Each structure stands twice: as C-alpha cells, then as structure tokens.
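There are 2 protein chains.
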Amino acid sequence: MKILIIGGGGMIGRKLAGRLAADGKLGEREISELTLFDVVSPDAPGDSAFPVKLRTGDLSNVDEAKALVAEQPDVIFHLAAIVSGEAEEDFAKGYRINLDGTRHLLDAVCAINEYVPRVVFTSSIAVFGAPFPDAITDDFHTTPLTSYGTQKAIGELLLSDFTRRGMMDGIGIRLPTICVRPGSPNKAASGFFSNIIREPLAGAEAVLPVSDDVQHWHASPRSAVGFLLHAATIDGTIVGNRRNLTMPGIAVTVGEQIEALRTVAGDNVASRIRRVPDEKIMHMVSGWPRNFRADRATGLGFQADASFEQIIRAHVNDELGGNIG
Amino acid sequence: MKILIIGGGGMIGRKLAGRLAADGKLGEREISELTLFDVVSPDAPGDSAFPVKLRTGDLSNVDEAKALVAEQPDVIFHLAAIVSGEAEEDFAKGYRINLDGTRHLLDAVCAINEYVPRVVFTSSIAVFGAPFPDAITDDFHTTPLTSYGTQKAIGELLLSDFTRRGMMDGIGIRLPTICVRPGSPNKAASGFFSNIIREPLAGAEAVLPVSDDVQHWHASPRSAVGFLLHAATIDGTIVGNRRNLTMPGIAVTVGEQIEALRTVAGDNVASRIRRVPDEKIMHMVSGWPRNFRADRATGLGFQADASFEQIIRAHVNDELGGNIG
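Chains A and L, in that order, give the protein sequences.
The first sequence: position 103 = 103 (the numbering used here), numbered continuously.
The second sequence: position 80 = 1080 (the numbering used here), numbered continuously.
Source of the hints: derived by calculation from the structure; they are not laboratory data.
These numbers come from a predicted model, not from an experiment.
We treat Cβ as the ideally placed atom computed from N, Cα and C, and that holds for glycine.
Keep in mind that a hint or two might mislead.
[Claimed, not checked] Partial pick of chain L residues on the chain A-facing surface, computed with a CB cut under 10 Å:
| id | residue |
| --- | --- |
| 1 | G1057 |
| 2 | S1060 |
| 3 | H1141 |
| 4 | S1160 |
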C-alpha cells in the first residue's frame, strides 16, 4: 500500500514515518511506498524496506493538492497545520492553510473517480471552548475560542460530509495536547505544558506562565502515533457517521505535572521551573478544555497513556536516551 | 440605518422586507435604505418610507460580496442558501453558494477597516444529525447528515470566529423548519411538512411521504421574521461568545399536524392528504431532529408560536385572507 503523510516534516509526522519504516507495514498490509510532504523539506526516516519520496510545497495551492493525490495513496495522513498561536497572530494564513488547504485536499480526492482512500485528519481539543462541564463528553458541542480551533472544527465537518457521500473514508482524531513535545518550542500557545518538563530534564530553566491549578488534557507523542496507526486501520463501518473522535488522554493539573517530574527526576530538576504569570496566556488557557470522557474512542480501541509519570518516562527514554540532565 | 438582505427574493426575505417597510425602523432606529439582493430579481416590498434598492447577482463571485458591503450596511441579513434537497443533489453548487458565498461575505466585511456590522445568519436545525436525545439541548454537538447541514454548521463556526475577533458582530439563528411555507414547493426535502397543510387548505391534494408518527420542529414564517428582527437588535455582549442559537419552535408529529388541520379546517380538508410512503424521504427524515430545548434563545427573548393550530391560523390569515378552500 502507498501512504502519504501531509505534514511529514513536523514532529508527529517524523515519528509516524519512523514507526512506519520500522514496522514495514500498516495493519496487515505491506507498505510499498511512503511520501512525506511538508512546506519545508522533510527528513527521510531511517532504514525502511520501501522507497520514501520527499516533497515540498504549499497545500494552499490547489494544484499542489491535486499533484499529491494523483498517485492515489491508499492512506493519507493529513497532519499539516498552522499551529494555534500562529493562526491567532496571522488570521489570513491560518485560514489559507488550515481551511483552504484541507478543502483543496478533500476536493482533490473527491475529483478522482472510484478513489476512496482512508484519510486520517488530526483535529484538536481546541475545537472546544469554555464554559465546560467537569468532563467533556462525546456529544458536547464544538464552540472554539481560537481561529485554529475553528479551522479544525470546519475540517471535521468537511471530513464527515465527504465521507458520508462516499468520496473518501475519513477518520478525524482530536488530539490531546502533545506532551512532552520534543525539540525547540513552536508557536503553539500550549507550548509551556511541554517546556516545563522538557527544559528542566535537559538541565535548562523553563518559564511557567499560568498557575499550578490549571488542568489540561495530555497525550505523549508515542500515544499520538498509536492513535494515528489505529485511525488508519480501524473499520469505518464500526465508526459510523460520526467520524470525528476525541482521543483519550491524561487530565492533570500543572501542579500534578510538576509533582510527576519531581518523582521521576528529583527536586533539583523540578526546581528549574520559574513562575512568571502571563495574563495573555492565562486568558487563552482559561478557555481551553481541562478534562474529557473519551468513551467512544476508548470503546473503539484507542489507548491513552497510563499516567503522566509514564509520559515523562517515555520522553526520557525516547528523546534523552534514558539520561536526565 | 442601512439594511441589506442577502436572499431578499426568497420567502423569508420577502416577508422580512415587508415587515421592515411596514415598521419603517429596526428596533429604535429609523431605516434610511434597504437593499434586497438575490440570484433572481427580488420584488420590492409595498409602500416604504425609505428607498429600496434591488440587486441581482451570484454570491459565489467574490467581487459580488465586496460590492454588496461597500456601502457598509449597518445590518446584514444573510438568508441566501441552496436548500437541503438541492445541496444534496448538486454537491459542488451547495458548497459554492452555501460555504464559499458565506465566506466571501464575511471576508468582504472583514476587509473594511472599522466596519463591524451586525450580521444575522440563518442557520438551520439541519446542523444536527441522528442519533438524538429526546430533546436536543443547547450544548449538543453538530454532526449533520446532509451537505446543507454541513455548510450551515461551517457558516456558524466562521460567524463565531469572525465575531470573536471583532471583525463583525454576528448572530446565527438555527431556524426550525418553516411551516406553513406559502407558495409553490421548493427543493427543500422538508417541503412535505408544509405541503400537507397548505395544499388541502387551498382545495388541493397533498402527498405525505412519511408515517404519521414522525415528529419534527416547526416555526411559522411570522415567527421566523420575529426571530430575525430580534437577532438584528439583541445586545451581542449578552449573547457572549456562543453566537449560534437554536430558535424555539413547536414539536409536533405529522399526525398532530393533521389533527390540528382537522380542528382548524374540518374533516373534508384533512381528507385531502394522500399517504404515499417514499423510502428515500423516510430515510432522510429519520436523521432529522425531532424536538429541542431551546433554553438559551428563549432566555434571550426569542419567541416561538403558541401551538401548531396557531401556526395554521396564521397561515390562513396571512396567506389566504382568512379563507379556507
């Protein structure tokens, strides 16, 4: 089978590509070819039994989407997005990439007769906006309070409708905030949830802009890759018409994150977090989801991390070779 | 104040224009000018104290939207849409008018500096898709099962986001199915709910394609105009960030509709309904909402009809000059 990863140069895209290269197959089917597409040149994963093509381009260009699907990949992972902070700063760019780009992709798929690929779309818990119940259930409405969340919610609606009409076979997964996010900070406004774990573990100081009692919903990069693989192989008829699923995660407060860090890495590491309240970030975060009941996804076999401590230990193993700075 | 009605040639647009002409003002403010825009030439309402401009064009043309808002109307009613049946038949046309057209309008408003008009958008209960609870609450998710419903749900999301960012001041109202819809049937798949009342009252036979126990959510054209006027004048700060409101209505079964017709017009009229089950329509209708708890809108002062009998009597008065055929 042929696989296309749009956003193959991003953090999750690279990890997904690496996993596919290591596995050699997706579900029961051998992978014959993998294409990684991104706005900047993506890296090829390490050794793989199948050829890997690297492509660069702009998804908001309608011809780009057509070219990408022309070879009719069996599975398309659509991970590309302008992240929340940047989509809020640059209104036009967010809509151009996150909405128009997604629509171009779906239209391009739809334009090919008798081509019904599985399309896995990474949505986000940013489709939800406060006020919330204690735990957000699967039938709670999507009233985003960011342009990013709006664009993701629209992508979900398009995915469902194109799927219902038999033009593709889509599964949308609402990712929790990915934590611990490796590498350098991006423009996601939620970056501090990772920074306060990653930087102290690497021997550096991290800034915490919100109070310790802020609760949020997390999944490790490892879980996120697991969600993507499961979404790519799940039987769509079991999912039914409601194609967008809130992924399971771990609800923890910032205080609980820090305590987990202390348990895993000790007081010295935990003391590298500096509290610098930021009104603007606190205001944004106050509109974000805190906790979910992801019953549908859990029932469909999507698996969350066991605890926030496990999330930290996975980061130490996967990114730091087991070493704490 | 200047008012623009996009979709001013449609049934609701005409009734709204007539009401504005009769009132001479909207809320407390005198109307200085009314523009009616539609794809076919709209009719001017009767006597009005203000000038009425009639315009024809295609909202999916980006320049059309720019031209429409260039004169900076204070209130824009965006009622134009390809209806449910047609949007399902012609996928591309539905997206072009209902999604692209709406987006062009919002983008055109956003492009004018320091111009923040009230935009009243008619959404629909078609944004909801089965399965449903007994009554759909204000925080129930939007999982439409038609392309029309999808396009309306996307319009709602855009309206909220553009409003949140201060680019306009939008209110989206999810209209119940309008009943009794006067005039000749359009391509709305829900047309039979009106046909079975309107045609018998006019002395003609009507076909009922579903069973008597189908329950649905209705509002009279008179109520719909009331919703629009209230949405145009309500204080947006009280509405808050959740700008899309399910309008109150009357939940009745088809059997109850027929009994109300019998009460108002007698056995002879009610006997003009012929039952011709249609599997395709029954399947569509099975995915439609039946009943709501429109608490937010009711709390914000939107008023439903008192009963289905009252809906029929309003039709007899407003459309038939009090005469039953």
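Hint-by-hint comparison with the structure:
Using the Cβ-Cβ criterion of 10 Å, the hint placing G1057/L at the interface with chain A is not satisfied: the shortest such distance is roughly 23 Å. Annotation: interface hint on S1060/L violated; nearest CB of chain A at approximately 14 Å, more than 10 Å. Hint status for H1141/L relative to chain A: holds, with the closest Cβ pair at about 5 Å, below 10 Å. Using the Cβ-Cβ criterion of 10 Å, the hint placing S1160/L at the interface with chain A is satisfied: the shortest such distance is roughly 7 Å.
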